[in-house]
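A.B. asks: Listed here are the chains, written in short residue letters.
Number of protein chains: 2
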Amino acid sequence: MFQTSAKTFSVSAATASAYRRVFLVGLRRYCKKTSTKLRVSEALSGAQLGADVKGWVRSVRPQKNNIFLHVNDGSSLQSLQIVADAKLNDPLLTFGSAVEVTGILKKSPHQKQPVELEAEQIRVVGECNPVNFPFKIKKRHSLEYIRQLPHLRCRTNAFSSLLRIRSEATAAIHSYFKNNGFVQIHTPIITSNDCEGAGELFQVEPSGPATVDDKNFFSVPAFLTVSGQLHLEVMSGAFSRVYTFGPTFRAENSQSRRHLAEFFMVEAEISFTESLEDLTKVIEDVFRSATERVLARCAEDVDLFHRHVTPGHRVSPEGRSISYTEAIDILHRSSEKFTFPTDAAAVDLLVPGVGELCGGSLREERLNLLMDRLKRVGLEDTYNWYLDLRRFGSVPHGGFGLGFERYLQCVLGVDNIKDVIPFPRFSHSCLL
Amino acid sequence: MFQTSAKTFSVSAATASAYRRVFLVGLRRYCKKTSTKLRVSEALSGAQLGADVKGWVRSVRPQKNNIFLHVNDGSSLQSLQIVADAKLNDPLLTFGSAVEVTGILKKSPHQKQPVELEAEQIRVVGECNPVNFPFKIKKRHSLEYIRQLPHLRCRTNAFSSLLRIRSEATAAIHSYFKNNGFVQIHTPIITSNDCEGAGELFQVEPSGPATVDDKNFFSVPAFLTVSGQLHLEVMSGAFSRVYTFGPTFRAENSQSRRHLAEFFMVEAEISFTESLEDLTKVIEDVFRSATERVLARCAEDVDLFHRHVTPGHRVSPEGRSISYTEAIDILHRSSEKFTFPTDAAAVDLLVPGVGELCGGSLREERLNLLMDRLKRVGLEDTYNWYLDLRRFGSVPHGGFGLGFERYLQCVLGVDNIKDVIPFPRFSHSCLL
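Heads up: the sequence lines are chains A and B, in that order. Note that our numbering has the first sequence beginning at 70, numbered continuously upward. Note that our numbering has the second sequence beginning at 70, numbered continuously upward.
Calculated from the structure, these hints are not laboratory results. It is possible that some hints are incorrect.
Copies of the same chain look alike in the list, so a pair counts if it fits in one copy or across any two.
Said to hold, decoys possible - DSS-like cross-link-like pairs, simulated, lysine-lysine; straight-line CA separation at most 27 Å:
{"id": "1", "residue 1": "Lys156", "residue 2": "Lys284"}
{"id": "2", "residue 1": "Lys207", "residue 2": "Lys133"}
{"id": "3", "residue 1": "Lys350", "residue 2": "Lys205"}
{"id": "4", "residue 1": "Lys133", "residue 2": "Lys106"}
{"id": "5", "residue 1": "Lys106", "residue 2": "Lys284"}
{"id": "6", "residue 1": "Lys106", "residue 2": "Lys247"}
{"id": "7", "residue 1": "Lys106", "residue 2": "Lys350"}
Hey, can you work out the whole structure from these sequences and the hints?
C.D. replies: Have a look at this one:
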């Protein structure tokens with residue numbers, strides 16, 4: 070809706086055949102030539118001499134003969150130092166402004182950075198009035214403060230580090246599963262299942278006047294998923310290892326530091342297993358491999374958190390697995406009272422300060438038990454499809470779900486879950 | 070809800086400190102030892118002699134002295150041939166049943182497969198009554214037929230191939246972006262934006278009685294996203310390259326072969342570009358690298374489609390980019406009439422039979438133009454945050470969205486979009 074110029078034509082099925090050989094249509098009337106870009110992270114490697122760097126000004130330091138800038142483009146926490154003749158100074162060169170700098174990359178005489186860019190030309194492409202800009206130069210803003218500005222908080226060091234870490238952790242998790250023979254399944258967001266029998270579901274219907282001749286758009290009530298487990302169980306009838314990684318939802322009226330209405334879950338299901346040890350092994354391996362990779366590849370970003378944002382926090386990729394007996398013993402020795410009896414074919418990954426990071430269990434594969442249970446609660450017809458999974462080539466299987474935001478909290482030591490997701494949603498709040 | 074045994078305890082914040090050293094709690098009372106598994110794809114490589122293979126029976130051929138089985142576990146299209154003494158036969162060894170086979174992997178005397186498993190023991194772990202099972206041995210069921218059985222269709226060769234291809238294509242797309250310096254952003258599913266100003270939005274509210282003291286759970290009307298573009302534009306103020314890959318939604322009353330209510334989109338946004346050529350290059354590269362990888366790593370699966378499911382279809386990773394002038398010329402030479410004038414800072418990727426696979430454009434970065442436009446439509450206050458993006462360090466940027474299901478249709482030649490997504494959602498249908 071914001072485009073003053075718009076896409077101008079699309080191809081209907083009828084016209085498609087008319088130009089079967091027209092594969093990629095580029096409309097180039099307004100195209101301008103741009104010079105080759107060098108990203109800050111590439112410039113910092115100092116491999117090239119002539120460079121054209123674009124980014125946002127993180128600091129400005131005018132001196133008598135020279136002006137020093139730090140320019141950041143999100144490719145790394147570290148900014149590139151720009152040195153320019155004082156005559157290239159410009160009142161628009163302010164904290165937060167966007168610039169294009171052309172010059173020569175040189176070894177830096179200072180220890181802090183390997184290279185610096187000796188500017189020949191600096192062009193301010195986007196101004197930033199420092200009076201109105203809600204972040205101030207050299208000030209470390211609190212996570213609470215930047216959280217109020219979801220459209221701008223990526224421009225702080227802390228949150229841009231968080232987003233790089235989140236991206237790397239996501240890639241690491243996908244890599245783990247791919248390297249271990251899991252097939253990724255895009256489980257649906259909209260579902261007619263009520264997986265956990267919980268009341269805290271979001272329901273989905275078109276916003277405008279009814280577009281379908283029915284009470285419900287989907288002919289049945291439809292909800293946002295609370296778990297992809299049942300859909301993964303479907304796939305467990307043909308694949309021995311499947312996983313999903315995507316958003317899940319709870320319509321919980323909570324503004325606590327632990328809960329979101331929309332959060333990401335990693336869920337996996339493993340067929341032909343009757344062993345919790347198999348599940349525990351996968352949980353440990355996912356945690357370890359993701360954490361090792363994040364610590365290795367986002368060292369600077371993680372360090373920023375551990376030094377300045379959540380000082381004193383450390384994380385180790387190694388968990389310690391303890392037996393049922395040990396766990397019970399520790400629980401009994403604690404002074405707490407527990408509501409539920411302590412036996413089950415289940416496994417939990419518990420983290421101090423974060424709570425349950427991960428929960429898994431072996432699934433009930435016995436048709437008769439399931440049928441009796443569903444009959445008792447009057448859901449035999451609704452879940453007849455689920456019974457089919459047990460009627461036709463059923464296998465013992467189990468799986469787990471891992472809360473991705475809680476994982477990031479655990480690695481970074483971040484107290485509030487809203488600070489590890491780009492756009493947090495919770496009761497009374499859906500900004501942007 | 071289906072578990073007859075359940076997780077039994079979780080850790081509250083208060084108790085967490087009581088056993089700060091309890092990291093991983095495995096409840097092992099019911100654990101059984103399982104032997105090391107060998108997946109069918111590993112067995113087919115013939116690297117091991119002693120093997121324990123688990124999977125589903127795809128064919129049974131009893132002979133006088135021997136019985137021959139094909140067992141598949143989803144790790145590849147190819148099944149493993151099992152040869153067993155006739156005395157190991159069992160009436161429960163039927164098409165679709167789940168089995169565990171122990172034996173010795175040997176070089177196969179037959180050309181069709183490199184190895185076969187000489188079975189010492191065969192155990193049926195999940196029966197499958199061939200009379201009731203909706204798929205029949207050796208019958209090639211149509212995509213239309215298997216689409217009616219969303220909980221079982223992964224058990225057919227065609228759909229399990231599709232799911233492996235979809236998983237590989239997903240990984241390939243993530244790899245492309247990662248290798249090219251894009252940061253992945255999890256753009257939100259629930260949003261208070263109405264990005265395209267379109268009427269076809271799903272609205273979201275809790276299903277049960279109001280849990281919050283307000284008309285809306287989020288205090289404002291909230292919708293399922295139709296595009297992550299605006300959220301990526303937020304990130305374009307700090308990162309020069311970002312992308313998102315996730316579900317998007319349209320409450321469109323359509324049961325056509327081209328539309329879904331829930332479908333996946335790959336969206337990218339590139340900062341500091343004033344050139345459609347930059348965008349076109351990325352679109353071409355995503356398409357080429359994903360397609361090359363899918364064709365290389367899922368050769369058998371793609372071949373199944375091109376031979377048997379969509380015979381005659383072929384795909385090439387190379388697109389052909391043509392200029393604006395060429396495109397207009399081809400359009401003028403066609404006999405079609407076009408409603409819209411043909412100029413814009415936009416690019417479309419068009420595919421015969423599928424239509425618009427991808428659309429991209431340069432975004433309007435001029436604050437005054439945007440402000441005027443928003444004033445005229447009375448949205449200046451609502452989108453003040455969007456104007457902030459242009460007020461503070463604005464940069465020329467552009468991006469595109471690629472429909473993932475349409476991409477799969479294009480690669481595989483699949484006519485109906487419902488056949489390339491695990492759980493299709495459209496008006497009047499939300500199965501499972």
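A.B. asks: State for each hint whether it applies.
C.D. replies: To see whether the hints hold, each was checked on the structure:
no. : hint            : verdict
1   : Lys156 - Lys284 : neither (70 Å within a copy, 59 Å between copies)
2   : Lys207 - Lys133 : within (21 Å within a copy, 84 Å between copies)
3   : Lys350 - Lys205 : neither (47 Å within a copy, 37 Å between copies)
4   : Lys133 - Lys106 : neither (30 Å within a copy, 72 Å between copies)
5   : Lys106 - Lys284 : neither (54 Å within a copy, 49 Å between copies)
6   : Lys106 - Lys247 : between (33 Å within a copy, 17 Å between copies)
7   : Lys106 - Lys350 : between (44 Å within a copy, 14 Å between copies)
Hint check: violations occur at hints 1, 3, 4 and 5; the rest are consistent with the structure.
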